Amino acid sequence: MIPPHGGKLIDTTFPEEKRDRMLAEAKELPRIVVNEDLAKDIENIGYGIFSPLDGFLCGEDYESVVHHKRLRNDLPWTIPIVLNVSREELKGTKDGDIIALADSHGTVTSLLEIKEIYGFDKHQHALQIFGTVDSAHPGVAGTFNMKELLVGGKVSLIQPSSDEFQRFRLKPAETRVLFNEKGWRTVVGFQTRNVPHIGHEYVQKTALTFVDGLFVNPVIGKKKPGDFKDEVILEAYATLLRNYYLKDRSVMAILRTEMRYAGPREAIFHAIVRKNFGCTHFVVGRDHAGVGKYYPPYAAQEIFDEFPDLGIVPLFFTAFFYCNKCESVVNEKICPHDQSNRIDFSGTLLRGRLNAGEAPPKELIRPEVAEVLLKWKDPFIE
Amino acid sequence: MKGIDMPAEKTRTVEIPESLFERIGALISGTRFRSVSEYVVYMLREQIAKEEIQKTPAYSKDEEEKIKDRLRALGYI
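Residue numbers (this note's numbering), protein chains in the order written: chain A, 820 to 1201; chain B, 2 to 78.
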C-alpha cells in the first residue's frame, strides 16, 4: 500500500466518546465562523486527506508553499491551506490560545490551537498560486477579497459540518482498507467535477487497463456557474458505474473541497490528495483544474517534472474526441483522420442539448446517463 | 516566473568530488537542468522519496474491522 504523503496518515479527530465534552468546553471559547468550503477542508485535515497537514499553515510553511511549492521540510505541497481572518474577528486572541471554529449555521466543528497570526501579500499569493493577477480569474478575485490576516495552528476535528452524500463519503483509512480488501496493489485515481461522458469513460478504462483498480473521486464543493450540481454528477456516475464497469474494479467516493482553478499547482495538490486515499497513479488530462485560457493546455502535466519525489505516478492523457472514421473515442496520438471526422466532447453542446430537453448523441454520452441528466429540471449551478 | 523576485530558498553546502561535479556538468549540458545543483537536488529528492516509507500501520485490527463494517453497510464490499 502506498504510504500517505509525508509517511503518516494524519488523524486529528477527537474520539467519539470525547465529543460531547469537547462541544461543552467549546461553548466557553472564543469562536470564529468559517464558510462551507473551509469547514470541508477542516474535515479534510482531520481525516488525513490533506496529510501531512495537521492544521492551517503557519507563516514559514505558507511562504514556502507560495514561493517554492514545498513545505519548509521540503515535502511537495502546492496549495496553501489557510485560515483567513480579520483583526476584528480575532478580538484579542493571540498565539497559544485555543479557539472554536464553527460553520455558517453556528455549529462548532473543531478547535484550533493558534500557533501564529501573520500577514500576507495578496498580490504575490494570487500571482504565485494562479499565475495571474487578472481579477476575472475566480481564484484571483477570491484572493483580493480575502481579509488581512492568516492564522496557523493545529486543528482538531470534533464533528463534520454536514451529513451530505454520506453514501459516498470515505476517509483515507477507509479507502485504504477497501483497496486492500479488493486485492488492489495499484489504483488509479480519477478527479472530476463533471458528469461522465464517453471520453471520460475511455480515459478511465484505458488507465484501468494498466492497474488493478479505479477510484473515481468527484470533487464536491464550490464550483462556478454553469458547472453541474453535485447531486447530478453523483447520480450520473453511479449510473455509469453500475451499467458499464466491473464492480470488482471500480469504486467511487467523493472529495469534499472547493475547486481553486489553479491549473498546474492544483494538479499536484489533487495528486497528493489521491495518494493519501491510497492511489498509486493519478490521471492528468488536458488543462487539469484550469479555467478559461489562463494555463497552457498541458502545463498541468509539465509541472510534474518538478516533483520527482511526489510519490504517485501521473498518467498523462492528451485531448480526446470521437472519430466517425475510427468509430471510437480516440486521441490526437492515435487517430490519423482529419478534423471533419471529429465530434468533440463539448460542454457547450451537452448543455445545449440538455437545456433543449434532448438526449446528447450516444457517441458522447451513454443513454442511461443521458436519461439521468434529462430528468433534472435544473442540473446546472446558476 | 520571469522578472519576479522570489524569496530565496535557504540552502546548505554539500561537497562532492570535482570529477563527479564535472561529470554531471557534461551530462546535463543541453537539458532542462540549469546547474549541477539543480540536477543534484532533483536526483536526491527522487531517491529520498523511495526511502521514506511508512513503517507502522495506520490502524489496528479492531479499527480495520470497524472500517470493514462501514464499507459493508455502504455496499462497497
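Don't read these hints as lab results, they were simulated from the structure. Computed from a predicted structure; not experimentally measured. Among the hints, a few may not be true.
[To be verified] In silico PhoX-like pairs for lysine-lysine, Cα to Cα no more than 20 Å straight-line:
hint, chain 1, residue 1, chain 2, residue 2
1, A, K827, B, K11
2, A, K1001, B, K67
3, A, K973, A, K941
4, A, K1001, B, K51
5, B, K69, A, K1066
6, A, K941, A, K846
7, A, K973, A, K837
8, A, K837, B, K67
9, A, K846, A, K1024
10, A, K1042, A, K1112
11, A, K934, A, K973
12, A, K1144, A, K1196
13, B, K69, A, K888
14, A, K973, A, K1043
15, A, K1181, A, K1194
16, A, K913, A, K934
17, A, K1001, B, K11
18, A, K827, B, K51
19, A, K888, A, K941
20, A, K934, A, K1043
21, A, K1196, A, K1048
22, A, K827, A, K913
23, A, K913, A, K1024
24, A, K1048, A, K827
Where does the structure disagree with the numbered hints, that is, which hint numbers, in rising order?
Violated hints: 1, 3, 4, 6, 9, 12, 13, 14, 17, 20, 22, 23 and 24; rest satisfied.
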